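Number of protein chains: 2
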Amino acid sequence: MKNYQAYLIDLDGTVYAGSKQYPKAKAFVERIQAAHIPFKFVTNNTTKLPVDVVANLADNHDIHVSPENVYTAGLATADFLDQRAGKTGKRTVYVVGEIGLNQALAAKGFTIDEEHPEYVVVGLDSDVTYEKFAKAILAIRSGSTFIGTNSDSNIPKARGLMPGAGALVDLVRYATQTEPIFVGKPEPILLQNSLALMGIAPDQALMVGDNYQTDILAGIHAGVDTLLTYTGVSTPDQVAQQAIQPTYTVPDLAHWDLEVGPID
Amino acid sequence: MKNYQAYLIDLDGTVYAGSKQYPKAKAFVERIQAAHIPFKFVTNNTTKLPVDVVANLADNHDIHVSPENVYTAGLATADFLDQRAGKTGKRTVYVVGEIGLNQALAAKGFTIDEEHPEYVVVGLDSDVTYEKFAKAILAIRSGSTFIGTNSDSNIPKARGLMPGAGALVDLVRYATQTEPIFVGKPEPILLQNSLALMGIAPDQALMVGDNYQTDILAGIHAGVDTLLTYTGVSTPDQVAQQAIQPTYTVPDLAHWDLEVGPID
Chain A
1 MKNYQAYLID LDGTVYAGSK QYPKAKAFVE RIQAAHIPFK FVTNNTTKLP
51 VDVVANLADN HDIHVSPENV YTAGLATADF LDQRAGKTGK RTVYVVGEIG
101 LNQALAAKGF TIDEEHPEYV VVGLDSDVTY EKFAKAILAI RSGSTFIGTN
151 SDSNIPKARG LMPGAGALVD LVRYATQTEP IFVGKPEPIL LQNSLALMGI
201 APDQALMVGD NYQTDILAGI HAGVDTLLTY TGVSTPDQVA QQAIQPTYTV
251 PDLAHWDLEV GPID
Chain B
1 MKNYQAYLID LDGTVYAGSK QYPKAKAFVE RIQAAHIPFK FVTNNTTKLP
51 VDVVANLADN HDIHVSPENV YTAGLATADF LDQRAGKTGK RTVYVVGEIG
101 LNQALAAKGF TIDEEHPEYV VVGLDSDVTY EKFAKAILAI RSGSTFIGTN
151 SDSNIPKARG LMPGAGALVD LVRYATQTEP IFVGKPEPIL LQNSLALMGI
201 APDQALMVGD NYQTDILAGI HAGVDTLLTY TGVSTPDQVA QQAIQPTYTV
251 PDLAHWDLEV GPID
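Going down the list, the sequences are from chains A and B.
All the letters of the first sequence, read from the start, carry residue numbers 1 to 264 under the UniProt record's numbering.
All the letters of the second sequence, read from the start, carry residue numbers 1 to 264 under the UniProt record's numbering.
In short, the hints are calculated from the structure, not lab data.
For clarity, every value in this text was computed on a predicted model and none was experimentally measured.
There may be inaccurate statements among the hints.
It does not matter which identical chain is used: a pair holds within one copy or between any two.
Said to hold, decoys possible - Calculated pairs, DMTMM-like style, for lysine to aspartate or glutamate (alpha carbon to alpha carbon, straight line, at most 20 Å): (1) 157 x 114; (2) 87 x 98; (3) 157 x 12; (4) 2 x 125.
The shape of chain A in the complex, shown without the other chains:
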C-alpha cells in the first residue's frame, strides 16, 4: 500500500449517520490527526458554512477539526466560477441556494443579477419558490451558463428522503432543455480543488466514502485512490456489479490502518 500523504473524507454515512455517532470513524479521524496527515472533509453540502460543519462535528460527534478541514460543494462552486471567470470575466450570478453557497460566492466577488447574470447556480434551497425557478429558467434561456452544485436526488432527514439539490436542478433542466455543469461529487472538481489547496498530487491521496455513486466515482474521475466503507449507502452486492472497483473496501474504518491499509 502507498503511504498516503492526504485524506479526503466524506461525512454523512462515513463519519456519522445524521445524528448517530460512528465511534470507529471518530477514532479513524483522530489517528489521522495524531499522525499529522493533512485531510479535508469533502461534502456535497451547500447549505452550511464550514464553521457550521465544524460545530456539528464537535457538538454532536465529539470530533474536533478546524474550518480549513472542511471543503463543501458551496466553496467548490465559488472556486470553480472564480477560476472560470478569471481576471476579466463578469462576476454576476443568480442563485437558487442557501447561505453556504451564497456566502462562498460573495466571498469570491460575485454579485447578484436577477435578470441577466453570467451564471445561474442551482443548489439545495429549502426556501425555493416558483418565482426563483422562473428567474433561473428565464436567465438560462437568455444565455446564462447553468451550474448545478450537485446531482444528489435526495438528502436523508429524520422525516425521510427529502428532495436533494439534483431534484431542483432537474426541474430547471427540464424547463430549459439545457444540461447543467455539475460541481459536486461524482464530478472530480471538489477533490481536485481540495488537493490543490493542500498542495498534494492526486496519486498521493486517498478518497474515503460510503457511496460508490458519489464518493468513489469522484475519486475515480479525479485519479485518486478510493476506500469504500460499508457503513452507509452502498452494499457489497451493488459494488460487485461496478466495472471499476474501489481501490480498497472495508466493513468500517476500524479496519483501515494508516500504515498497513485494510486489516481484518
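Put chain B on the given structure of chain A with help from the hints.
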C-alpha cells in the same frame, strides 16, 4: 372527408396566442356553433376553472361559449381518479396545484391527506414550495400513486417561457425515481373523456391544434382524426419529420371548411 360529428379544439396557439386575437379561429368557432356541431375546448390548463376559461374567451377574444364547452386537464385528472377509485377505493389525495385542479378533485369527493394519501397529484402551482415537494415525495416513497396532470415543460407568458407542470412533475420524478401517470395531452385521456361526455365515438371526431407533440399525438393516441393549424408551436419542417402525419394540415383555420375539409 368525413362529416365530423364533434370537434375537440386546443386553445393557446390555436384559438388565440396569449392576449393576441385570432379572427380566423374565432370565425371557425362561430361556424361550428352555427352548424350546431358539438365541440369542446381541450386544454392542459389546470390552474383555471371552466368559467374562467369562458370569461377569458369572451372578454379578451370575443368568443362566446359555455362552461360545458371547456374540458381542462384539471377536470380530466379528477375524472380519471374518480374512475380509478370506483365505488370502493379510497378518495384521499395530496395535491401540488391550483384552484382548477383542487376544485375539480373536491367536486369528485376527494379529500386532502398530507401524509398517507392514495394519490399524489402534481400540476402547475405558482405557489409551490420545497415543503410541498417534500410532502409529495415522502408520500410517493411511502406508496402513494404518482399522477402528473401533464408533461408540458413550459407555459408561454409575457415574461417568456415559464416553468410548466411537467417541470414540477420532473422534480418529483427525479427525487422518487418513480415514473408518473400523466393525464393531459399527449396522453389520450383528455380526448377520450371529452368524447364520452358528448356521447361521440372517436372515429367521428376531429382534434384541432397547433402543437404536434401534444394536440396531434393526443389525437393519434385516442384514435381521433387530427387537424394541425400552423398558427402556433409546430412548423411544417418539424411535422415533415414525424412518422405519423396529422390527418390534415392547414396554414390557419380559415382554410378549413366544415363540409369540404381543407381548402385553398
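Results of checking the hints against the structure:
For the identical chains of this complex, residue 157 and residue 114 are inter-copy neighbours only, at 18 Å across copies versus 31 Å inside a copy, given an alpha-carbon limit of 20 Å. With identical chains, the CA atoms of residue 87 and residue 98 are never at most 20 Å apart, being 26 Å at best within one copy and 47 Å at best between copies. Taking CA atoms no more than 20 Å apart as the test, residue 157 paired with residue 12 passes inside one copy only; the shortest distance there is 11 Å, against 42 Å between copies. In this homomeric assembly, residue 2 and residue 125 never come within 20 Å of each other (Cα to Cα): the closest approach is 40 Å inside a single copy and 55 Å across copies.
The structure does not agree with the numbered hints 2, 4 stated previously, though it agrees with the rest.
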